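Participant: Here is what each chain is made of, one letter per residue.
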Amino acid sequence: MLRRQAVFSLRRCYGTTASLRQAAPSSQATRLDDLRAGILGRTQQPTANTEGVDDDVRKYKVPPSSPSFYTARPVFYDQVAQLERAIATANNALRRAQLLPLPAFARASLPPIHPVWQTKEEMTQHFQTKMTLARYRKVTKLLNELNDYHRIANTAGVNDLANKIYSIVSLFESSKKDAFLARGKRKPVVLDVYGRSYTVGKRKTSSARVWMIPVQQQESSSAPLPMTTILVNNIPLNEFFPLPADRERITRPLKVAGILGKYNVFSIVRGGGTTGQSGALAHGIAKGVVAHEPDLETLFRRTKLTRRDPRMVERKKTGLAKARKRYTWVKR
Amino acid sequence: MSSSILSAATSGAASCSQRSLVTSRLLVQQTRGAAQKAPAVKVAQSIGGVKKGQKDKWERKISREYTHRQHDIPVFTRMSEDKLKLPKTDKSPAVLPEQFQPMSTSLNLPLFEPKAITRKNVGTAAGFDLTPTNPAKVFGLPKKMFLEFRILSTPCSVIRDVTVETKHKLEKAKDSSSKDSRIVLTGRAGCGKSFLLHQAVQYAKSEGWIVLYIPRAKTLINSTTTYTYDLRTQTYLQPQASYRIVEKLLTVNSDALSTLTLSAPFTLGADQDKSKVQVFKEGTKLSELAQACVKDKSFQSACGTLEVLMRELEGQTKFPVLMAIDDFQSLFHDTAYRDPFFRPIKSHHLSLPRLILEYASGKRNFAKGAFLSALTASDTQYAIPLELQDTLELGNRHPVSPYVQRSETLLQYASGLDANAGGLQNLKVPEKFSVEEAQALFEVWKDDLALTNSRHDESFMAKYVESDGNPRDFVWKGVLASYAPS
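Keeping their order, the protein sequence lines are chains A and B. Using our numbering, you'd call the opening residue of the first sequence number 1 and step up by one each time. Using our numbering, you'd call the opening residue of the second sequence number 1001 and step up by one each time.
Just chain B, with the same shape it has in the complex (with noise of 0.2 Å):
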């Protein structure tokens, strides 16, 4: 490549130095389209005469103001490296330095791994591995999380203690129904809840759990997915959204998948025409029925399978079953869908946050495993609604009117998780980071060059005091958008 630039350098600069009348003439000629078949400009001429010997001269600033005036495209051509104000040499080549070059600083962090999450960690930041079946590269991850990783150069987060406590949590679960797991994430925006759902998809991953991550659950209720209406379930299904579904846990959970299988026989495309049919029967591994299914790429089986799928996950005692839901607040809105009469079709009423409810509020559970979801408090579309706000206790930012109206039908599923009832337990994530995290946090931009400042124990305990300890205000407008020159 070095190679390439000088010789173009060389023959640029051989260009540069034949500069005349003749060459210029020849740029002019160069332009294209109209400009060449337009008819020859007139030579201007000079008032009260040239100068002697100032003819040459004349003649080359009036060709130059012509060239000027043409508002064609004109041709490229490389300064000549003669005219660089700092010139190249082997020792300062014209490049940037190689630290800046991309993918050529790596963090070198430990992995983050179920083994790393103990007490003695919390404050240390851990990188996540990058192997094609990682939930994070399969699943998707929420937009603000996708986006960090997009700037560091490996994905990576800091070990907390409420990291530490989530992980216990799971550990306990891992032996019961999910019915006595079901935790929803809640604290104040920014303060790491997705983050936190997030490491905990990747340490059941690690420990062999079978893992289904939704981490934007308002887009199945955002209308960017096909829907129909069933009337044998009377719930109008979302074949694009169990497709993606399928298809992904099958990328995840390929493994367990493999080893479990049906406990009764499934008829896959029965609506279809009979040609498309297929009979699995029972004893058959569940991925050889999500392979089948993600085959067919018109969706229509998806609905089905994913339905038997989860319903033998259920019922299954091998590996523990883990749902993580973030955006969880989402589906307790009316979703973006209209019905024939346009009216806006409610939540429940759709097949896969149905499912997802149904989990949540305990009427149906898995065997063993977990429900895990994590509230998104800082989208202003999909606000925590009433009703979780009251069955959680969170709180209430603004005064509210009891004449309110509140769902029943939500009020039914929310009132499943009342924590004090043996519901959903609230599990609320701190709001500031502790000095040692936020530490750990600022070393790992630190080491990855995002930095403008050198001072920087000043800039640490400066953002800190800034973003009040709160994770994302300390990264976003923080670290990432300080004012201050080094």
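Bound conformation, chain A alone (with noise of 0.2 Å):
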């Protein structure tokens, strides 16, 4: 205001004739509004019409972009604004590709969806203005909506369109999306510089860390062939596992997937007793097979030797002697 006021005394010295006669035919106008605005309590605007820098100031109450000025937030407002011209826009453009309304087999035909939008502290930033439960919801409905047809777009190769529709709903999905999305899926082994998988087994209280590298055959064509060794804290198999029946658990694995002298294996396992031991060896060496050769693990998973047995020990309850056994009876 202030700057204004001396922009306006400096032109009363300095403005032109030429811009003052200029005025004149209007001036009667302008002296109204002056008039009209000094009795409203406005601050005089130099209603000159004189080149300058406030121009438009001077002359006219510039109107704000959007009416929405005029709320107390007017940032979420023209948001969501935008998100339902957005949506009035797809819609028209789907139904004019005749891709609304879709047939129930068609939208029960299309791929799951699994959006994940920004929390409601995302959204604050984002909006400028506390987002509370309702406006969250307001929100996310118009998003799961304009997702939907970018859905449709997506699955009909309406590509332009979904792309479009996907550059405004990307706004909204939170940065943690696949992190989301990946929750509760076994993170996937990676084989490191020589080729090795590590993987860890449990069972019982027993676990089990299996390195697995393949064999390295040899060239020539008198070759013997190749086999399989299996160090358990470095100690051979047939000298750390004694009983048969714990030996042909850990190579039941290899046996299903048929490829016992592929790879060689070696493992520290700790914690527990030998069927404990040798059930965590031989899921550790399931999870290998399936991280160096991916196409088996549906077959593993059908077999179930890459799930991890949940079977524990049965805590002793109040009243029994144990888990399950009950005192003696007695009848008096």
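Simulated from the structure, these hints should not be mistaken for laboratory data. Treat the hints with caution; some may be incorrect.
Taking lysine to any residue pairs in the SDA-like style, the calculated list, with each CA pair at most 20 Å apart, reads [as the list claims (entries may be wrong)]:
{"id": "1", "chain 1": "B", "residue 1": "Lys1432", "chain 2": "A", "residue 2": "Leu243"}
{"id": "2", "chain 1": "B", "residue 1": "Lys1432", "chain 2": "A", "residue 2": "Pro244"}
{"id": "3", "chain 1": "B", "residue 1": "Lys1432", "chain 2": "A", "residue 2": "Asn234"}
{"id": "4", "chain 1": "B", "residue 1": "Lys1432", "chain 2": "A", "residue 2": "Phe266"}
{"id": "5", "chain 1": "A", "residue 1": "Lys255", "chain 2": "B", "residue 2": "Gln1439"}
{"id": "6", "chain 1": "A", "residue 1": "Lys262", "chain 2": "B", "residue 2": "Arg1455"}
{"id": "7", "chain 1": "B", "residue 1": "Lys1144", "chain 2": "A", "residue 2": "Pro244"}
{"id": "8", "chain 1": "B", "residue 1": "Lys1432", "chain 2": "A", "residue 2": "Val215"}
{"id": "9", "chain 1": "B", "residue 1": "Lys1432", "chain 2": "A", "residue 2": "Leu231"}
{"id": "10", "chain 1": "B", "residue 1": "Lys1174", "chain 2": "B", "residue 2": "Ser1361"}
{"id": "11", "chain 1": "A", "residue 1": "Lys255", "chain 2": "B", "residue 2": "Val1435"}
{"id": "12", "chain 1": "B", "residue 1": "Lys1432", "chain 2": "A", "residue 2": "Pro226"}
{"id": "13", "chain 1": "A", "residue 1": "Lys262", "chain 2": "B", "residue 2": "Val1435"}
Covered stretches of chain A (chain B as the covering partner; in silico rule of three or more C-beta atoms under 8 Å from a C-beta of chain B) [to be verified]:
{"id": "14", "segment": "227–238"}
{"id": "15", "segment": "250–260"}
Note that the structure is predicted; figures quoted are calculated from it, not measured. Every residue gets a Cβ at the ideal spot worked out from N, C-alpha and C, and that includes glycine.
The task is to assemble the complex, starting from two chains supplied on their own in separate frames and drawing on the hints.
Facilitator: Below you can see the structure in the form of structure tokens.
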């Protein structure tokens, strides 16, 4: 305001006569404006038609860019209005492309969507207003509808429309989307520089850390059949596990996959007893096999080899001798 | 045999077809002993009466129940043929298939003979001959090997590269003193030391050597035979064990012993009464001497005879002599025998272990021949002693304290075994089967119908991996102990 008064006074000093004369016919109107402005209590705007920096400021009260300027949450309502416009546009486009209304069978055949929107806190920053649950729900409802249109457009192959919708939708997607979608899934095992896989197997209270590396075959034709060597805590398998049952449990994943001479296994087992350690080792080997040969993943899942056996020792209960054993029943 | 079965079956069928109250009562009366004299059982009374026409059925039911309540041994009645679930026909008789009848399969294996032990034949199985003078039959076998041959239809073993190596060593030893060819077979438990020793014995016998094979040396020290103290030698003699050895030596090597003669006169039964004394002149056949000793069942003369025989065998150069001892490490332990003060007797104070230790340490030698021995790594009662572990450089599983006492005498016997000082050579038997050798053994068991799993390739590879190539584990805990269904 101070700046305006200064400019105004300077203009009065340095204003040209020509400009003043030009302004003459409209001077009455401008004086009226001035009067009105004065009655209303607004500051004097320089109404003379002078060239200058704040031309529009002096002449007009520039209307705000959007009507939501008069609301308490302009950014929020702007964005919501934009989303609604986008929805309307997309809807129209899809109708024109005869993709809407979609019959039930087509809708059922669409791929499932897993949108992960920003959290309320993240949206608060985006919309520059506190996101209450009601506002958040309103926004996510719109986003879901837009996402649905994106899904339809994507499936139908209308790529430009799909990309445009996605460009809007992606603004509201959470940065933690990948992590969220991958929750509960197994971390993929990566082979290291030497082609080794490192996996962990568990059973009861035992754990086995298993490294598997492919057997290096000799090139000569008279080379003997390659054979798997399994070392457990740096001891050969037959010395560490004397029972045939334990040994067979350990080689079962390799037998099922049919890769008995393909990989060498080194493992460190800890905890539990013989059965637990052999089960843990078998679990680790199964995971290692899947790491080296991803095609066998479904087979191993079906044969429950990659399944961590959930059976653990049941706790003793009060009033019982052991987990299930009851005390001898006495009649009196 | 089949006709008798048929006739018995038909008679059984006849009796069953006539099943009625009468026969059931007969069965009741066939029970023995006190039940026959027992008072007649009261017939039960039904409450509420029996339905019309059901009286017969009711009485039969009651009688059957009473029959079961008798605790006497029932008489066996053969089940009728019509009760068989799978009826007997000419095409499918109710007997085991021919291949499962005992003595029906025979492994067609090449014979284990010296010319078969070549590098080309490594990884093939060969069967041992079944003549009555085979050292395995006469001297016996280590227990695990004996059990294995009992299951197999013919005793056999796989020719390995160590077999060829041992053959070469024995070929070199044929013309030199046994002092230069004192070998100990060492290796992990179950790697095939006893089998290799047995193969060497078979080879030597085929080559015409004189063979003395002691498959279980721990029987000499576990107090299973008699012992007496001899004042002259100041050792404990083992008459029974010596007798057995003389007997077996004679049976196996009778041809060779009949060509060898005494170099000095010998009096048999010098310690006994004058009537049983026999004097053998210089030039008598050794076989005669041995036969005389064997005839004397009192074992008295056995120790002296054995001593003379060993002296003669030491001196002669006509036939190379092989002394093969299994369970060699047991001779370095205290025996289970007790002296009059109830202290355990040391092995070198007993005649036979002392004899063996002397040949092992080079104090006594055959002019031509070899001393071959094998350790048993899996015996917990007679573990490999520290003295042997140090001299043969076997390496210790567990850290050994320098304060652990080592016997001076045993060290003396063992120090003569130091390979570097020209003593006992340590022949390390490989820990693992090679894949070809394992394949040969697997095929032996497969041809002998020992496998339950029809997926042979997979089970072979799995068993090899599980046993880590260890021969004993491969057979006993692999092939023969598989849980995998067919």
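Participant: Going back to the hint list, which numbers does this structure go against?
Facilitator: none
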